[in-house]
Amino acid sequence: MLNFSLSDDQIALRDMVRKFVQQDIIPNAAKFDESGEFPRDLINKAWEMGLMNIAIPEKFGGMGLGIIEDVVISEELGAGCLGMTTSIAVNTLALYPILIGGTEAQIEEFAVPFLSSPKLAAFCLTEPGSGSDAGSLSTMAKEEGDHFVVNGSKMWITNAGHAELFTVFCTTNKDLKTKGIICLVIPANTPGISLGKHENKLGQRCSDTRAVTLENVRVPKKNMIGKFGEGFKIAMRTLDRTRTPIAAGAVGAARSAMTYAKNYSKERKQFGQPIANFQAIQFMLADMAVNIESARLLCYKSAWLIDNGQEEQGGYFSALAKRHAADMAMEAATNAVQIYGGYGYTKEYPVEKIMRDVKLVQIYEGTSQIQRVVIARHLLKD
Amino acid sequence: MGNVFLIAEQKDGNIKRVSLEILSELCRQGIATTAVVIGFGDLSKVTESLVTHGASKVVVLENEVFTQYNTEGYANALHHYLTPQNPSVIVTGATSHGKDFLPRLAAKFATGIAVDCVSFQFTGEKVAVRRPVYAGKCSKQVAFAVAPAIFSVRPNVLQTQMASKSAAVEKVVGNPGTIKAKILSTVASQIKKVELTEADIIISGGRSLKSADNFKILNDCAATVGAAVGASRAAVDAGYAPHDMQVGQTGKTVSPKLYIACGISGAIQHLAGMRTSKIIVAINKDPEAPIFQKTDYGIVADLFEVVPLLTEEFKRLKSQS
Amino acid sequence: MNILVLLKQVPDTETKIRITSDKKNIETADLKWIINPYDEFAIEEGLKTKERLKEGTVTVVTVGPTRTVEALRTAVAMGADNAIHVKVEETLDTYLVAKALAEVCKKEGAQIIFTGKQAIDDDQAATFGYLAELLQYPSVTLAVKCDVSVDKTKATIEQEGDSGAKSIIETSLPAVIAVTKGINTPRYASLPGIMKAKKKEIKTYSIADLGLGSETSKTIDSDYQLPPERAPGKKLTGDITTQVKELVRLLREEAKVI
Numbered sequence: 001m002l003n004f005s006l007s008d009d010q011i012a013l014r015d016m017v018r019k020f021v022q023q024d025i026i027p028n029a030a031k032f033d034e035s036g037e038f039p040r041d042l043i044n045k046a047w048e049m050g051l052m053n054i055a056i057p058e059k060f061g062g063m064g065l066g067i068i069e070d071v072v073i074s075e076e077l078g079a080g081c082l083g084m085t086t087s088i089a090v091n092t093l094a095l096y097p098i099l100i101g102g103t104e105a106q107i108e109e110f111a112v113p114f115l116s117s118p119k120l121a122a123f124c125l126t127e128p129g130s131g132s133d134a135g136s137l138s139t140m141a142k143e144e145g146d147h148f149v150v151n152g153s154k155m156w157i158t159n160a161g162h163a164e165l166f167t168v169f170c171t172t173n174k175d176l177k178t179k180g181i182i183c184l185v186i187p188a189n190t191p192g193i194s195l196g197k198h199e200n201k202l203g204q205r206c207s208d209t210r211a212v213t214l215e216n217v218r219v220p221k222k223n224m225i226g227k228f229g230e231g232f233k234i235a236m237r238t239l240d241r242t243r244t245p246i247a248a249g250a251v252g253a254a255r256s257a258m259t260y261a262k263n264y265s266k267e268r269k270q271f272g273q274p275i276a277n278f279q280a281i282q283f284m285l286a287d288m289a290v291n292i293e294s295a296r297l298l299c300y301k302s303a304w305l306i307d308n309g310q311e312e313q314g315g316y317f318s319a320l321a322k323r324h325a326a327d328m329a330m331e332a333a334t335n336a337v338q339i340y341g342g343y344g345y346t347k348e349y350p351v352e353k354i355m356r357d358v359k360l361v362q363i364y365e366g367t368s369q370i371q372r373v374v375i376a377r378h379l380l381k382d
Numbered sequence: 001m002g003n004v005f006l007i008a009e010q011k012d013g014n015i016k017r018v019s020l021e022i023l024s025e026l027c028r029q030g031i032a033t034t035a036v037v038i039g040f041g042d043l044s045k046v047t048e049s050l051v052t053h054g055a056s057k058v059v060v061l062e063n064e065v066f067t068q069y070n071t072e073g074y075a076n077a078l079h080h081y082l083t084p085q086n087p088s089v090i091v092t093g094a095t096s097h098g099k100d101f102l103p104r105l106a107a108k109f110a111t112g113i114a115v116d117c118v119s120f121q122f123t124g125e126k127v128a129v130r131r132p133v134y135a136g137k138c139s140k141q142v143a144f145a146v147a148p149a150i151f152s153v154r155p156n157v158l159q160t161q162m163a164s165k166s167a168a169v170e171k172v173v174g175n176p177g178t179i180k181a182k183i184l185s186t187v188a189s190q191i192k193k194v195e196l197t198e199a200d201i202i203i204s205g206g207r208s209l210k211s212a213d214n215f216k217i218l219n220d221c222a223a224t225v226g227a228a229v230g231a232s233r234a235a236v237d238a239g240y241a242p243h244d245m246q247v248g249q250t251g252k253t254v255s256p257k258l259y260i261a262c263g264i265s266g267a268i269q270h271l272a273g274m275r276t277s278k279i280i281v282a283i284n285k286d287p288e289a290p291i292f293q294k295t296d297y298g299i300v301a302d303l304f305e306v307v308p309l310l311t312e313e314f315k316r317l318k319s320q321s
Numbered sequence: 001m002n003i004l005v006l007l008k009q010v011p012d013t014e015t016k017i018r019i020t021s022d023k024k025n026i027e028t029a030d031l032k033w034i035i036n037p038y039d040e041f042a043i044e045e046g047l048k049t050k051e052r053l054k055e056g057t058v059t060v061v062t063v064g065p066t067r068t069v070e071a072l073r074t075a076v077a078m079g080a081d082n083a084i085h086v087k088v089e090e091t092l093d094t095y096l097v098a099k100a101l102a103e104v105c106k107k108e109g110a111q112i113i114f115t116g117k118q119a120i121d122d123d124q125a126a127t128f129g130y131l132a133e134l135l136q137y138p139s140v141t142l143a144v145k146c147d148v149s150v151d152k153t154k155a156t157i158e159q160e161g162d163s164g165a166k167s168i169i170e171t172s173l174p175a176v177i178a179v180t181k182g183i184n185t186p187r188y189a190s191l192p193g194i195m196k197a198k199k200k201e202i203k204t205y206s207i208a209d210l211g212l213g214s215e216t217s218k219t220i221d222s223d224y225q226l227p228p229e230r231a232p233g234k235k236l237t238g239d240i241t242t243q244v245k246e247l248v249r250l251l252r253e254e255a256k257v258i
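Chains as they are written, first to last, in this note's numbering: chain Z, 1 to 382; chain W, 1 to 321; chain B, 1 to 258.
FYI, nobody ran anything at the bench for these hints, they're computed from the structure.
The C-beta atom is built at its ideal place from N, Cα and C for all residues, glycine as well.
Check each hint, because a few of them may be wrong.
What the hints assert, rightly or not - Here are the computed lysine to any residue pairs in the SDA-like style, where the Cα-Cα straight-line distance is at most 20 Å: (1) K166(B) - A267(W); (2) K266(Z) - A267(W); (3) K19(Z) - R40(Z); (4) K180(W) - I258(B); (5) K19(Z) - A238(W); (6) K278(W) - I258(B).
Claimed, not checked - Pairwise CB distance ranges (calculated): (7) F40(W) - S117(Z): 32 to 38 Å; (8) T67(W) - Q23(Z): 40 to 46 Å; (9) G341(Z) - R316(W): 36 to 42 Å; (10) G30(W) - Q270(Z): 56 to 62 Å; (11) S206(B) - R130(W): 28 to 34 Å; (12) P128(Z) - T57(B): 54 to 60 Å; (13) P308(W) - P128(Z): 52 to 58 Å; (14) Q23(Z) - T241(B): 39 to 45 Å; (15) K32(B) - L176(Z): 54 to 60 Å; (16) A289(Z) - S214(B): 53 to 59 Å; (17) N200(Z) - P308(W): 33 to 39 Å; (18) S44(W) - D30(B): 55 to 61 Å; (19) T91(B) - P274(Z): 35 to 41 Å; (20) P308(W) - K198(B): 52 to 58 Å.
Could you put the whole structure together from the sequences, leaning on the hints where they help?
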């Protein structure tokens, strides 16, 4: 009963996103990369196409789709522009905590409005002092009657400048470590929230990345997702679901890098023949193909496991997928630039952008090193 | 050969060259042809050129309604006039009007049609045509199972040729029948443009033009030699040029004598629309651009440097001749 | 209002064409198929017309083999309400296709019919005219704007003419409107649309169902040929001024085109 084919619907979805990427994303990617401008119109288009918030269950009027559809969407978007992929994907990341840990009333109040307009949400976990060690976060939520009063700062928050809703992880008691963490949903217009400047990044330059500072932000207790102390678990279960689509974005980026490099190597002549005739080039292309295919299979498997209720195993496979996809995409992009030679190092050609963009995948949502830690812990646990 | 009719096209009392191209080819193949013109007013220049290019007879379907073109009016009048003539072949130019009324006429005769043919060959009573399909990526021969055979011929493909013949010119009242779609007004383009599909020379620009304003350098160059300006799909999609300037599979198919591609890489869908041009010149700074494999002459350099120089050189040439 | 949109599935524009050994057609195995780009504008115009009128149904119709159902489903995923498939396995000529479509239009009581100005495979650009004549409807091609009157009895169309000219045409309805690039920007299918399209029942007719069982094609295709390869030309050399001078000399003296 092994089956490697996508369903007809998934193929239709893939083709639809591929067309969007060809017509709207690729022709604009370089422009947004250069300016760092936020691609609001394209994000709105993606929303109109139903590519965002796909996990909201059918009983709330959503589509209730799984990780596999997210993977299909992300690979195609990633083949066009990883910065836009990230901007489009972040709603899923920010809303999953509500879908995983929230009550029906909370889902209705906080998540469902995202189905009726192209609003954005942001996921606030990382802090200036806690990145890979997310459990050590120190944004403080103090109880005051029926409210929490939140103080602290969050770092590298994607879409922060455009989000209407933040899912914020904070601690009620640092001594409790991860057991003291709670998850709060905070509307962006709540007094006391201030935003840092748009970070000027190496790659994924059009995705909006900022610091978010919370000063005496009053949040009603009804905005807490899950119970006291469940925040960290909700964050981890969220990342188990989003890690695989992130990996798939890298697969898409690597696929593009390979396609560009392959086409160029057939056109570019040196020593009187296309450079594709040389084994040095062929080996680089062949390795890209092996890595892309294997990373995609890991993505599919991890998505399948989670979609079929095998969450723990799926989480492990998502680490395998992200480690492999991120690192292989970096290698593929670097080698694509190598195949292009001097031309590849210029902005006239698309491969240097892929190389800059894909570097971030080795860092965000768990660095490649953290993925190895997760993998090794799983291997060594008994 | 039986009754062969050429539907000749005129605009403001001037004959469209494609009508003469078809007529000349019919003459070369020894086919006696009746040329039918639809219009109103002074059409003497039109009928005269049809006679000098070898029509056996010229018929003018006159009606004040035909001061301007009308789809249903043309189809109705032609059907009304031709039916009693028992036509075996009806041919016209594949212009925008020809492509518009001909299918309706074919439906009236319950017969087949072949549009935008590049050649036709009479063998006894039968005619077979060749027409490009898939935007010229291939072509096919089309034969007709029933009479009349109805087809249109692409402009600029056949040669015109004078014939020393005399022929009668007959005027008939054209019957436009019922017209349900009426032209209320027509506005010509602000900028005087040469129609792409009928141009002898086309200068086209791609995305490398970088802006709509930069198309001015192509316009300036085109003006010196009476050329039309075209654009690649990439340039049109980027908003640098209007879609009616697009050359390629999803734009216009052209076959000028000279096609100058500036900053166009040569995507298959663009090549499809211009590959039958007699001479192709490419100006592109990327020496590996696929367009160079299809060109007669190539200049590997920045179009922003080359085009102004070319304009100057064309000007110099014009001043000499 | 009953809005019909006629569409055709064609090979992708990037397709390299190969010819069958009997030269009677192109090889269709392994081709990537898309909705004819001009028909996408027609679908969008159908949907837009319905939205502007705030009522109506958009029905998409195609004539072709089983694979063409995919094109209909894509149109439903874009927002069309109904889909009709005239199922034929062999290639029909323009005359027969128009005949079949005319029967469908009659059955459906079409009040306005949109289609692309031509299909980019056979490039005939003739189906709309045949169909209009068979139905005794007016036809307007090269439409870049189409406004249906509030009482739905007429439409005002902006038509793209030669050399950038524009005409305004008023037509009674029903009519066949053939649209071209520039009339709109087709929307993408949507993910909810794809889910809806999957469940959509597609009405299917055979040629016999339409009462055309005894009709035959009026034209016969043969001898498909690829165009002769152009020999690669020469790249000029020297500084730019020299190259330009040389180019003009060659165009004048060798090619004799200026």
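Do the hints match the structure? See the list:
1. K166(B) - A267(W): violated (30 Å)
2. K266(Z) - A267(W): holds (15 Å)
3. K19(Z) - R40(Z): The hint holds at about 19 Å.
4. K180(W) - I258(B): violated (45 Å)
5. K19(Z) - A238(W): holds (16 Å)
6. K278(W) - I258(B): holds (12 Å)
7. F40(W) - S117(Z): 32 to 38 Å: The hint (32 to 38 Å, Cβ to Cβ) is violated, given that F40(W) and S117(Z) are roughly 58 Å apart.
8. T67(W) - Q23(Z): 40 to 46 Å: Given about 43 Å between the Cβ atoms, the range holds.
9. G341(Z) - R316(W): 36 to 42 Å: holds (40 Å)
10. G30(W) - Q270(Z): 56 to 62 Å: Given a distance of about 58 Å, which is inside 56 to 62 Å, the answer is holds.
11. S206(B) - R130(W): 28 to 34 Å: For R130(W) against S206(B), whose Cβ atoms are near 33 Å apart, the range 28 to 34 Å holds.
12. P128(Z) - T57(B): 54 to 60 Å: 57 Å Cβ-Cβ, so the 54 to 60 Å window holds.
13. P308(W) - P128(Z): 52 to 58 Å: For P308(W) and P128(Z) the Cβ distance comes to about 55 Å; the hint holds.
14. Q23(Z) - T241(B): 39 to 45 Å: Holds - the Cβ-Cβ distance for Q23(Z) and T241(B), about 40 Å, lies within 39 to 45 Å.
15. K32(B) - L176(Z): 54 to 60 Å: holds (57 Å)
16. A289(Z) - S214(B): 53 to 59 Å: holds (54 Å)
17. N200(Z) - P308(W): 33 to 39 Å: holds (38 Å)
18. S44(W) - D30(B): 55 to 61 Å: At roughly 58 Å between Cβ atoms, D30(B) and S44(W) fall inside 55 to 61 Å, so the hint holds.
19. T91(B) - P274(Z): 35 to 41 Å: 38 Å Cβ-Cβ, so the 35 to 41 Å window holds.
20. P308(W) - K198(B): 52 to 58 Å: This hint holds: roughly 57 Å between Cβ atoms.
Figure legend: structure checked against the earlier numbered hints; hints not met, in rising order: 1, 4 and 7.
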